[in-house]
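> Whenever a hint applies, use it, and build me the whole structure from the sequences.
Residue numbers (our numbering), protein chains in the order written: chain A, 5 to 434; chain B, 5 to 434.
In short, the hints are calculated from the structure, not lab data.
Errors might be hidden in some of the hints.
Dumping the calculated EDC-like pairs for lysine to aspartate or glutamate here, alpha-carbon to alpha-carbon at most 16 angstroms [stated by the list, open to error]: (1) K414/A <-> D378/A; (2) K347/B <-> E297/B; (3) K32/A <-> E297/B; (4) K32/B <-> E297/A; (5) K414/B <-> E384/B; (6) K161/A <-> E263/A.
Chain B regions said to be covered by chain A (calculated; three or more residues, Cβ under 8 angstroms) [to be verified]: (7) 32–38; (8) 200–213.
Glycine residues also receive a C-beta, built at the ideal position from the N, C-alpha and C atoms.
Number of protein chains: 2
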Amino acid sequence: MADSGEHANIGLLGCGTIGSGVFHLVGKNERLLTMAAGRPLRISRILVKQIDEPRPFPVDRSLLTTDATAVLQDPGIDVFIELIGGIEQARSFALDVLGRGKHLVTANKELIACHGRELMEEAARSGSQVRFEASVGGGIPLIRPLEESLGGDRVQKIMGIVNGTTNYILTRMSDEGSTYAEALAGAQELGFAEADPGADVEGADAASKLAILCSIAFNTGVTDTQVYREGIQGVRPEDLENAREMGYAIKLLAVAISEDDGISARVHPTMIPLEHPLASVSGNFNAIFVTGESVGDLMFYGQGAGSLPTATAVLGDVVNIVRNMDRPPTSRRSYWSRAANVKSIDDALTRFYMVLRVLDRPGVLAQIAGVFGDNQVSLESVVQKGFGDNAQIVMITHQVTERNFQEARKRLESLDVVLEIPSVIRVESE
Amino acid sequence: MADSGEHANIGLLGCGTIGSGVFHLVGKNERLLTMAAGRPLRISRILVKQIDEPRPFPVDRSLLTTDATAVLQDPGIDVFIELIGGIEQARSFALDVLGRGKHLVTANKELIACHGRELMEEAARSGSQVRFEASVGGGIPLIRPLEESLGGDRVQKIMGIVNGTTNYILTRMSDEGSTYAEALAGAQELGFAEADPGADVEGADAASKLAILCSIAFNTGVTDTQVYREGIQGVRPEDLENAREMGYAIKLLAVAISEDDGISARVHPTMIPLEHPLASVSGNFNAIFVTGESVGDLMFYGQGAGSLPTATAVLGDVVNIVRNMDRPPTSRRSYWSRAANVKSIDDALTRFYMVLRVLDRPGVLAQIAGVFGDNQVSLESVVQKGFGDNAQIVMITHQVTERNFQEARKRLESLDVVLEIPSVIRVESE
Numbered sequence: 005m006a007d008s009g010e011h012a013n014i015g016l017l018g019c020g021t022i023g024s025g026v027f028h029l030v031g032k033n034e035r036l037l038t039m040a041a042g043r044p045l046r047i048s049r050i051l052v053k054q055i056d057e058p059r060p061f062p063v064d065r066s067l068l069t070t071d072a073t074a075v076l077q078d079p080g081i082d083v084f085i086e087l088i089g090g091i092e093q094a095r096s097f098a099l100d101v102l103g104r105g106k107h108l109v110t111a112n113k114e115l116i117a118c119h120g121r122e123l124m125e126e127a128a129r130s131g132s133q134v135r136f137e138a139s140v141g142g143g144i145p146l147i148r149p150l151e152e153s154l155g156g157d158r159v160q161k162i163m164g165i166v167n168g169t170t171n172y173i174l175t176r177m178s179d180e181g182s183t184y185a186e187a188l189a190g191a192q193e194l195g196f197a198e199a200d201p202g203a204d205v206e207g208a209d210a211a212s213k214l215a216i217l218c219s220i221a222f223n224t225g226v227t228d229t230q231v232y233r234e235g236i237q238g239v240r241p242e243d244l245e246n247a248r249e250m251g252y253a254i255k256l257l258a259v260a261i262s263e264d265d266g267i268s269a270r271v272h273p274t275m276i277p278l279e280h281p282l283a284s285v286s287g288n289f290n291a292i293f294v295t296g297e298s299v300g301d302l303m304f305y306g307q308g309a310g311s312l313p314t315a316t317a318v319l320g321d322v323v324n325i326v327r328n329m330d331r332p333p334t335s336r337r338s339y340w341s342r343a344a345n346v347k348s349i350d351d352a353l354t355r356f357y358m359v360l361r362v363l364d365r366p367g368v369l370a371q372i373a374g375v376f377g378d379n380q381v382s383l384e385s386v387v388q389k390g391f392g393d394n395a396q397i398v399m400i401t402h403q404v405t406e407r408n409f410q411e412a413r414k415r416l417e418s419l420d421v422v423l424e425i426p427s428v429i430r431v432e433s434e
Numbered sequence: 005m006a007d008s009g010e011h012a013n014i015g016l017l018g019c020g021t022i023g024s025g026v027f028h029l030v031g032k033n034e035r036l037l038t039m040a041a042g043r044p045l046r047i048s049r050i051l052v053k054q055i056d057e058p059r060p061f062p063v064d065r066s067l068l069t070t071d072a073t074a075v076l077q078d079p080g081i082d083v084f085i086e087l088i089g090g091i092e093q094a095r096s097f098a099l100d101v102l103g104r105g106k107h108l109v110t111a112n113k114e115l116i117a118c119h120g121r122e123l124m125e126e127a128a129r130s131g132s133q134v135r136f137e138a139s140v141g142g143g144i145p146l147i148r149p150l151e152e153s154l155g156g157d158r159v160q161k162i163m164g165i166v167n168g169t170t171n172y173i174l175t176r177m178s179d180e181g182s183t184y185a186e187a188l189a190g191a192q193e194l195g196f197a198e199a200d201p202g203a204d205v206e207g208a209d210a211a212s213k214l215a216i217l218c219s220i221a222f223n224t225g226v227t228d229t230q231v232y233r234e235g236i237q238g239v240r241p242e243d244l245e246n247a248r249e250m251g252y253a254i255k256l257l258a259v260a261i262s263e264d265d266g267i268s269a270r271v272h273p274t275m276i277p278l279e280h281p282l283a284s285v286s287g288n289f290n291a292i293f294v295t296g297e298s299v300g301d302l303m304f305y306g307q308g309a310g311s312l313p314t315a316t317a318v319l320g321d322v323v324n325i326v327r328n329m330d331r332p333p334t335s336r337r338s339y340w341s342r343a344a345n346v347k348s349i350d351d352a353l354t355r356f357y358m359v360l361r362v363l364d365r366p367g368v369l370a371q372i373a374g375v376f377g378d379n380q381v382s383l384e385s386v387v388q389k390g391f392g393d394n395a396q397i398v399m400i401t402h403q404v405t406e407r408n409f410q411e412a413r414k415r416l417e418s419l420d421v422v423l424e425i426p427s428v429i430r431v432e433s434e
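This is the structure in structure tokens:
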């Protein structure tokens, strides 16, 4: 501790939606936080880009500064909270404060998914701590439960809804029968989607979060680029309707499985049975289903974003650090130091839902069945819908490797009787 | 640390279902546990009642002893795991080891719900720790997330399915249309209910768990005797059917609400809307819904009992203790030291479902409505079912205090036109 008396002093790096929420809660829940952390918390400096900016909660102007060096090198600060977002500047700030033995809390998923290993190593060198509960699942306690509570178990599988924007869009499409474009516009109007929704709808946000969860759950370093991803832009209202008829919901799932020969990590629209706990997670909520060899199935559910839920998670990390601040550091799990063996998507084993627009003539099904048979794809269900120009075949396969399925798909596309393959969606059964 | 080298030495008190599971996992997941705890764990002694007893997992016979003193006073043991159950002997063992500065992990909900405060005080005196994650929700990480992750938030409400036996029975009644007695017999056959199911079906088990959750979430000492409880024995297949028709499921819920004038804590069969995440928690699973002022709604879901899930939670506590074992203790939240202000059930505000068997004659409804009006009970829905001797009125009230409702109920029972009130069940809407 610096000469700051009994308080733990906090430096806020960034003060937008989450930062001003943190400031608000530190004032409002002072007594509770003191009890939880073992001493009072004080926000002593706040680094911002501009002094005057709209913020959801008012902050003490006298703490604001645009002088990064003054904040980063303030010897009185014990814990830094990094909320500036982005990668490069956040990384340089983080390495700077960790290098001087200060503790770091961040909500920055890209930073951790890209550079988690580097930050953990720097922290280990200087005896400081890095915590990032808010980087996945917003306010949902997840990282620490995986790290400690499941420390005695072998996590086998993670399956989660970790992006609220896409879940909101898919829920709306499902409830209202609207198209992707309509639902996206509605989400943007209500502030549930950004003006540029790319990182959300293309699955990049979910991929970063899955990389972090994999690293912790499987105790090995996974980066976001190792996660296969597909977005939700291709999901059609008809697919949601077909899914419901067959007893499924469609969700953008982040799925990771630990197998003997490596880790399978992927983000894609997925059909899951309506009775699965994840199927009824609607709107902008997040939920993460974890299967441990001994503990069985667990699920963590809550708000995956938002100022105060995320600020609560940030403060949970601060509490954890401050409780243990005066003690020498313990050895941390070294999950970032081993690079993970992440398998190619080609080796992933899943079931597939597939829609084919076909010519309505005898022998078509036989040709299609032949292609599947040649590629070791067996079918669980096949339904013909519509007639004439609208003839469609809706099918679900049994488990098959991605490689074999994509080979069959390519062959099908080249058949004269197949006009179009408007939809392919993976199916998870448990 | 004693002179035991680098290992953390564990003394197991009791070695039945959970204890032998702990022994099994310590051997099987040695590498993972060492990584999580920062050093290897070793079970060095096991206190049992009888050396030869059937156990779900084999244990090393050379560690077993029936000599309590030899185990309790073994100076080489760092952490004791109490799994003998019951209250008096467990309490005396716990106080004994805490008094000598040893750490304690327990899965014993009655012990914590009755004597948590005493154990925490003894631990504070001697600088040791008490942990009890496995006492509520089996393998679900819950206690530590509430303590630390939500340390910066004000928990407003807890609503949980915390007893697997009753949830299994109610799920079976609902799925099969069977009676309580039939479903209980089925549960007993499959080992989901004890031969003497009293503590489960009467709500005592859930009340102990709710007392523990209240103490942590509301930061104040609540004991099991302060929790109002009603069991599930009176729930009829017809009630489950009526509930479903009206869009509800019936669950045994543990409900606690923190209000300005005190805490409301109660366990009773409850109707909740089918779209509530708790409604689809089926079989012997547990789920706890927590509402924080800032974080919003969270839910924790998983296996509430069973050898390996519970053993995993016990080991999570051991990991947490061993990670911090060489450090001086921090001040812990003092939630046990203030006695809670728990309100009388008379002041609880809920909605009620009520079934009246009545004479099928004109003016009956007017008389009943008059009684409700006199007691400030207003009705949300009233449906008449059946005719003649089978005439029944099924109603749901708006929110009303328990006091007013019970007064109205008493008055109704005294009316000549009311033959019987076969069912009264509370209704939660959110």
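> Confirm or reject each hint.
For each hint, the structure was consulted:
1. K414/A <-> D378/A: holds, 12 angstroms
2. K347/B <-> E297/B: violated, 21 angstroms
3. K32/A <-> E297/B: holds, 11 angstroms
4. K32/B <-> E297/A: holds, 11 angstroms
5. K414/B <-> E384/B: Distance ~20 angstroms between K414/B and E384/B Cα, so the pair is violated.
6. K161/A <-> E263/A: Answer holds: K161/A to E263/A is near 9 angstroms, not above 16 angstroms.
7. 32–38: Result for this restraint: holds, n = 3.
8. 200–213: With 0 residues close enough to chain A, the hint is violated.
In this structure, the earlier hints numbered 2, 5 and 8 are contradicted, and the remaining ones agree with it.
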